[in-house]
Amino acid sequence: METLMVILVGILVSIGTYLILSKQLLRIVLGVSIVGHAVNLLIITSGGLKTGSAPLLGEKAAGFADALPQALVLTAIVINFAVTAVVLVLCYRSYQSFGTDDMEQLRGNEHE
Amino acid sequence: MSIFFIFIFLPLISAVIVPLLYKYLNRLVHTGWFVLLVPLSIFIYLLRYIPDVAAGNTYKYSLSWIPSLDMNFTSYVDGLSLLFGLLISGIGTLVIIYSIFYMSKAREALHSFYVYLLMFMGAMLGLVFSDHLLVLYGFWELTSVSSFLLISYWYERKSSRQGALKAMLITVLGGFGMLAGFIMLIMMADTYSIREMIANLDVIQGHALFIPAMLCVLLGAFTKSAQFPFGIWLPDAMEAPTPVSSYLHSATMVKAGIYLVARMTPLFGGSSVWFWLVAGIGIITLLYGSLTAVRQTDLKAMLAYSTISQLGMIMCLLGVGSLAIYFGPGDSGTIFTVATFAALFHLFNHSTFKGSLFMVVGIIDHETGRRDIRYLGGLMQVMPITFTIAVIGGFSMAGLPPFNGFLSKEMFFAAVNDVSGAGIFGLGKIGLLFPVIAWVASVFTFVYCMIFVFRTFGGQYRPEKLTRKVHEAPWGMLFSPVVLGLLVIFIFFFPNVLGKYILTPALTAILPKMPISSYDLKISAWHGLNMELIMTIGVIVIGIFLFKTKKHWVQILRNYPQGLTLNHLYNQGLSGTEKLSASLTNRYMTGSLRHYLIYIFAFFAIVLLSSLLLLHGIQFDFSNNAAISIFDAGLVLAMVIAALTVLFAGNRIVAIVALGALGYMVSMFFVIFRAPDLALTQMVVETVTTVLFLLCFYHLPKLKKSVERIPFKLTNLIISIAMGLTVTVLALSANGHKLFEPISSFFENSYKLAGAKNIVNAILVDFRGFDTMLEISVLAIAGLGVYILVHQRSKRREQHETE
Amino acid sequence: MKPNDVILKSVTRVAAVIISTFSIYLFMNGHHHPGGGFIGGLSTASAIVLLYLSFGIEKVRENIRVDFKKLAAIGVLIALVTGMAGVVFGKPFLSQAFGYYDLPIFGNTELASALIFDTGVALAVIGTAVNIILSISEDR
Numbered sequence: 001m002e003t004l005m006v007i008l009v010g011i012l013v014s015i016g017t018y019l020i021l022s023k024q025l026l027r028i029v030l031g032v033s034i035v036g037h038a039v040n041l042l043i044i045t046s047g048g049l050k051t052g053s054a055p056l057l058g059e060k061a062a063g064f065a066d067a068l069p070q071a072l073v074l075t076a077i078v079i080n081f082a083v084t085a086v087v088l089v090l091c092y093r094s095y096q097s098f099g100t101d102d103m104e105q106l107r108g109n110e111h112e
Numbered sequence: 001m002s003i004f005f006i007f008i009f010l011p012l013i014s015a016v017i018v019p020l021l022y023k024y025l026n027r028l029v030h031t032g033w034f035v036l037l038v039p040l041s042i043f044i045y046l047l048r049y050i051p052d053v054a055a056g057n058t059y060k061y062s063l064s065w066i067p068s069l070d071m072n073f074t075s076y077v078d079g080l081s082l083l084f085g086l087l088i089s090g091i092g093t094l095v096i097i098y099s100i101f102y103m104s105k106a107r108e109a110l111h112s113f114y115v116y117l118l119m120f121m122g123a124m125l126g127l128v129f130s131d132h133l134l135v136l137y138g139f140w141e142l143t144s145v146s147s148f149l150l151i152s153y154w155y156e157r158k159s160s161r162q163g164a165l166k167a168m169l170i171t172v173l174g175g176f177g178m179l180a181g182f183i184m185l186i187m188m189a190d191t192y193s194i195r196e197m198i199a200n201l202d203v204i205q206g207h208a209l210f211i212p213a214m215l216c217v218l219l220g221a222f223t224k225s226a227q228f229p230f231g232i233w234l235p236d237a238m239e240a241p242t243p244v245s246s247y248l249h250s251a252t253m254v255k256a257g258i259y260l261v262a263r264m265t266p267l268f269g270g271s272s273v274w275f276w277l278v279a280g281i282g283i284i285t286l287l288y289g290s291l292t293a294v295r296q297t298d299l300k301a302m303l304a305y306s307t308i309s310q311l312g313m314i315m316c317l318l319g320v321g322s323l324a325i326y327f328g329p330g331d332s333g334t335i336f337t338v339a340t341f342a343a344l345f346h347l348f349n350h351s352t353f354k355g356s357l358f359m360v361v362g363i364i365d366h367e368t369g370r371r372d373i374r375y376l377g378g379l380m381q382v383m384p385i386t387f388t389i390a391v392i393g394g395f396s397m398a399g400l401p402p403f404n405g406f407l408s409k410e411m412f413f414a415a416v417n418d419v420s421g422a423g424i425f426g427l428g429k430i431g432l433l434f435p436v437i438a439w440v441a442s443v444f445t446f447v448y449c450m451i452f453v454f455r456t457f458g459g460q461y462r463p464e465k466l467t468r469k470v471h472e473a474p475w476g477m478l479f480s481p482v483v484l485g486l487l488v489i490f491i492f493f494f495p496n497v498l499g500k501y502i503l504t505p506a507l508t509a510i511l512p513k514m515p516i517s518s519y520d521l522k523i524s525a526w527h528g529l530n531m532e533l534i535m536t537i538g539v540i541v542i543g544i545f546l547f548k549t550k551k552h553w554v555q556i557l558r559n560y561p562q563g564l565t566l567n568h569l570y571n572q573g574l575s576g577t578e579k580l581s582a583s584l585t586n587r588y589m590t591g592s593l594r595h596y597l598i599y600i601f602a603f604f605a606i607v608l609l610s611s612l613l614l615l616h617g618i619q620f621d622f623s624n625n626a627a628i629s630i631f632d633a634g635l636v637l638a639m640v641i642a643a644l645t646v647l648f649a650g651n652r653i654v655a656i657v658a659l660g661a662l663g664y665m666v667s668m669f670f671v672i673f674r675a676p677d678l679a680l681t682q683m684v685v686e687t688v689t690t691v692l693f694l695l696c697f698y699h700l701p702k703l704k705k706s707v708e709r710i711p712f713k714l715t716n717l718i719i720s721i722a723m724g725l726t727v728t729v730l731a732l733s734a735n736g737h738k739l740f741e742p743i744s745s746f747f748e749n750s751y752k753l754a755g756a757k758n759i760v761n762a763i764l765v766d767f768r769g770f771d772t773m774l775e776i777s778v779l780a781i782a783g784l785g786v787y788i789l790v791h792q793r794s795k796r797r798e799q800h801e802t803e
Numbered sequence: 001m002k003p004n005d006v007i008l009k010s011v012t013r014v015a016a017v018i019i020s021t022f023s024i025y026l027f028m029n030g031h032h033h034p035g036g037g038f039i040g041g042l043s044t045a046s047a048i049v050l051l052y053l054s055f056g057i058e059k060v061r062e063n064i065r066v067d068f069k070k071l072a073a074i075g076v077l078i079a080l081v082t083g084m085a086g087v088v089f090g091k092p093f094l095s096q097a098f099g100y101y102d103l104p105i106f107g108n109t110e111l112a113s114a115l116i117f118d119t120g121v122a123l124a125v126i127g128t129a130v131n132i133i134l135s136i137s138e139d140r
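Residue numbers (the numbering used here), protein chains in the order written: chain A, 1 to 112; chain B, 1 to 803; chain C, 1 to 140.
Since the hints were derived computationally from the structure, they do not count as laboratory data. Think of the CB as a built atom: it goes at the ideal place given N, C-alpha and C, for glycine as much as any other residue. Be aware that one or more of the hints could be misleading.
As the list claims (entries may be wrong) - Okay, derived cross-link-like pairs now, BS3-like style, lysine-lysine, Cα gap no bigger than 25 Å in a straight line:
1. B/548 x B/465
2. B/757 x C/91
3. C/59 x C/9
4. B/513 x B/60
5. B/757 x A/60
6. B/105 x B/469
7. B/513 x B/500
8. A/60 x A/50
9. B/738 x A/50
10. B/105 x B/23
11. B/752 x A/60
12. B/158 x B/105
13. B/757 x A/50
14. B/752 x C/91
15. B/713 x B/702
16. B/522 x B/500
17. B/579 x B/158
Said to hold, decoys possible - Part of the chain C face toward chain A, derived, beta carbon under 10 Å:
18. 33
19. 36
20. 39
21. 41
22. 42
23. 85
24. 93
25. 95
26. 97
27. 125
28. 128
29. 132
30. 133
31. 136
Sequences are here, hints too, so could you generate the full structure?
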């Protein structure tokens with residue numbers, strides 16, 4: 001299962017990276033989102049899968065799933081949301097201001 | 001915290017209050033009067049140490065700062081640091097009195113001026129009292145920074161900014177060198193404390209890093225003390241207000257290099273490299289400074305070069321004095337101990353006469369609006385008191401009796417005479433150069449002192465060349481130079497008071513192995529008719545001759561080609577480096593986001609994959625894997641399909657819906673992986689995110705069918721596959737290596753430790769509460785960012801519409 | 001053209017209440033069962049967003065007079081202040097305390113300062129999420 005998940009993560013990262021490298025702003029945002037999902041899955045996989053019951057002590061189970069990656073991912077999900085929101089807004093604001101969503105036309109070294 | 005530290009940090013603490021005082025009280029009282037209390041109280045406090053330190057005691061205070069890194073502000077009060085402490089606070093007091101009348105309270109930004117000045121004072125005190133090398137370095141750089149701020153005080157002027165930048169670049173360059181030297185010293189001696197290094201002398205002197213460390217430390221000292229060839233920043237630093245020039249750039253900061261050399265003499269002294277560098281560079285600087293000073297027409301530039309020259313002289317004396325360590329106790333040792341004594345004596349004298357001369361220039365500048373000798377002359381009649389001070393300071397600098405400069409100049413001649421006959425370190429033949437260069441430099445020193453005094457105050461009074469009506473300065477501006485001038489005369493007549501109570505203890509700190517207390521170090525004006533006196537008489541005779549015939553020969557000095565000056569070299573070097581780095585940077589900083597991302601991704605893949613390969617890190621271990629159910633496999637397949645749909649979608653809606661589907665499937669995985677909190681969160685977040693995407697829809701452009709060229713697509717493909725491969729290999733290898741026991745079992749005590757049965761929640765709110773708190777702060781900031789991004793524009797649009 | 005959204009509006013009337021109740025349940029339960037500040041906050045935010053979507057910004061704003069930017073700031077402040085409370089009692093920053101008390105009606109109840117901290121988290125999350133959505137949807 002871990003191996004399968006890691007391969008899934010690899011595929012998602014590849015797709016996400018491809019999208020990030022494309023020219024269109026919206027595709028870049030989509031790519032960032034996909035990479036975010038991939039990383040969350042990777043973190044949760046690294047804690048070992050299906051090793052015990054949910055990390056709730058009320059369950060009175062013999063073993064619990066690793067709670068630390070879960071806590072990390074929980075914060076990551078929420079931050080991901082905030083990052084997506086900011087990137088999305090940045091994206092459409094720059095589209096409105098510059099009238100293009102082509103990254104090659106948004107190059108900025110003339111002003112540096 | 002002992003009272004000592006309160007006084008040492010007093011300048012830094014009070015710097016915080018100054019802006020408030022300026023804001024509320026400046027209209028009534030000049031802010032300087034409040035600031036004055038700071039150095040004055042420190043001076044009085046430090047005076048109390050004189051009897052004890054003179055009796056041979058030292059004090060150690062320690063203030064823990066970062067104990068875990070062994071960073072403590074350990075402070076030693078010994079003769080050397082006390083001498084500097086008294087100079088810093090004493091001259092500081094006088095300079096602030098002077099500045100109260102020099103800096104107009106109506107026109108100048110006094111709060112920044114005094115904040116910088118106090119910052120400098122605190123840094124300088126910290127520097128001289130610190131025993132911890134890294135702390136000393138920190139204060140050292142703080143003096144550079146405050147000097148930068150003070151030079152650029154009139155920042156509207158281009159020359160101020162350039163001068164400040166030059167000073168900063170050169171001194172900080174030296175500072176970095178010094179830091180490297182300090183680190184080598186710390187590695188050698190395995191301690192941060194200078195005292196302990198001196199105690200473990202054998203370890204350091206036998207070490208291979210001994211010479212590199214010495215060179216690096218000297219680089220710091222020479223740049224700070226404006227030694228040849230680094231001295232070019234000092235004349236440009238004269239763009240600062242005159243109180244600053246008088247305080248930082250003649251009396252205290254430039255002497256930090258001298259302090260460092262003196263402090264390090266017990267460590268490095270006695271080696272031939274140290275002697276040749278310190279004494280050699282010192283005497284070259286002495287000659288260079290005095291020759292250049294003669295051809296200046298700006299009074300302040302003349303004083304700047306004369307400061308360089310005098311600092312070179314002190315440096316040279318310290319170098320010669322370090323021979324005492326080579327010879328050890330004995331007759332020869334005694335001779336060179338006296339040289340070190342002379343260095344300290346001249347250091348003190350220089351602070352007195354040069355401080356007063358700078359203040360005189362400040363007065364001339366303030367009253368006449370000019371400081372170029374070509375416009376000045378005959379001021380003797382209108383400014384008699386200023387003239388008197390100038391005579392005292394100038395004649396003292398020239399080495400004439402009855403002023404203190406005469407005494408130390410005589411001792412300097414004695415020292416260079418002794419060194420020519422020392423017969424070690426290959427001094428045999430070229431040793432004679434020392435007295436010759438010293439004498440020539442002294443002649444020119446005499447000449448520029450005469451130019452300074454008589455071209456300004458003597459000759460014809462020409463009021464038509466001046467922009468203002470000239471009169472004597474107010475008493476407040478005269479007070480400080482008069483005090484310094486009186487000190488110059490007082491020291492000539494009673495030099496041994498100073499010698500016994502202040503200089504001898506400092507000498508003990510520099511040469512701890514010499515039996516200083518058994519020497520009878522007496523300074524006297526009359527030694528009988530010996531070599532030194534003949535040299536002095538020669539200086540006066542030739543000097544007067546050269547002064548009288550100045551216009552015939554000074555042109556030769558002025559004709560020195562501009563292209564060969566150090567300044568020219570500096571300017572060329574600076575613009576050259578700027579051009580080079582610009583062209584280099586523009587080659588890879590193309591402004592295209594895609595290029596930058598390619599760098600990052602390629603670096604990530606190459607570094608990780610190659611290090612995994614090289615370190616044999618690739619190891620797969622599938623034995624602990626959990627079983628795969630059909631449901632899992634189906635979900636994985638569905639996710640891949642969803643992601644591919646996002647990739648190939650030609651329509652915005654399809655892409656966003658596919659992305660949402662991907663997110664919901666992630667939350668299903670969380671359910672499978674027994675993470676109920678995550679599943680819930682992911683579900684809600686995915687919903688809100690999809691809403692977000694759909695809301696932005698209105699503003700976003702349509703997805704275009706990508707029409708990129710094949711190479712473009714191919715690069716992207718290679719890089720993205722490399723990224724995916726790297727992550728996969730890395731994660732698989734990480735799964736194969738369980739190097740450490742997981743720490744998660746600790747969190748299973750959450751009910752006992754945090755009273756929570758939900759471990760994830762316990763980690764979030766209790767065990768790692770700090771992370772969560774910062775996370776929600778980031779969240780709130782992101783929210784504000786979005787708000788501002790949206791509203792800033794709509795506001796501008798509204799303005800546009802109303803127009 | 002005004003879209004026909006009767007179904008949406010009637011469903012929202014019921015759903016918003018249910019979601020809000022459920023999110024309060026999630027939030028309060030977070031200490032021992034799945035839930036907590038993040039989830040509770042997010043689901044409350046989604047209830048509010050649902051209201052905005054179906055009834056429009058103006059109408060909802062008349063009824064819920066909350067500045068969500070300030071709400072986010074208040075949330076962060078609450079978290080910070082609970083952290084400082086530990087410092088006052090000589091414990092490290094952000095130490096949480098808990099105890100068991102016999103309260104009327106509720107019986108033996110655990111009271112934990114972590115709950116206050118979690119309230120801060122929830123408020124910050126609600127404030128941010130709603131603020132982001134509102135800013136974007138207002139920008140027409």
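We went through each hint and held it up to the structure:
1. B/548 x B/465: holds (24 Å)
2. B/757 x C/91: holds (23 Å)
3. C/59 x C/9: holds (13 Å)
4. B/513 x B/60: holds (20 Å)
5. B/757 x A/60: holds (10 Å)
6. B/105 x B/469: holds (21 Å)
7. B/513 x B/500: holds (19 Å)
8. A/60 x A/50: Measuring from Cα to Cα gives roughly 16 Å; hence the hint holds.
9. B/738 x A/50: holds (17 Å)
10. B/105 x B/23: holds (12 Å)
11. B/752 x A/60: OK: residue 752 of chain B and residue 60 of chain A at ~15 Å, within 25 Å.
12. B/158 x B/105: holds (24 Å)
13. B/757 x A/50: holds (20 Å)
14. B/752 x C/91: holds (18 Å)
15. B/713 x B/702: holds (20 Å)
16. B/522 x B/500: Given that 25 Å is the threshold and the Cα spacing comes to 9 Å, the pair holds.
17. B/579 x B/158: holds (21 Å)
18. 33: holds (6 Å)
19. 36: Cβ of residue 36 of chain C sits 8 Å from chain A, so the hint holds.
20. 39: holds (9 Å)
21. 41: holds (9 Å)
22. 42: OK, holds: residue 42 of chain C within 10 Å of chain A, min 7 Å.
23. 85: It is violated, given that the least Cβ distance between residue 85 of chain C and chain A is near 23 Å, above 10 Å.
24. 93: Not OK, violated: residue 93 of chain C not within 10 Å of chain A, min 19 Å.
25. 95: Constraint on residue 95 of chain C not satisfied, violated at 18 Å.
26. 97: violated (19 Å)
27. 125: holds (7 Å)
28. 128: Since chain A brings a Cβ to about 7 Å from residue 128 of chain C, closer than 10 Å, the hint holds.
29. 132: Status holds, d = 5 Å.
30. 133: For residue 133 of chain C, the interface hint holds, since the closest Cβ of chain A sits about 8 Å away, which is under 10 Å.
31. 136: holds (6 Å)
When the structure is compared with the earlier hints, violations turn up for hints 23, 24, 25 and 26 and for no others.
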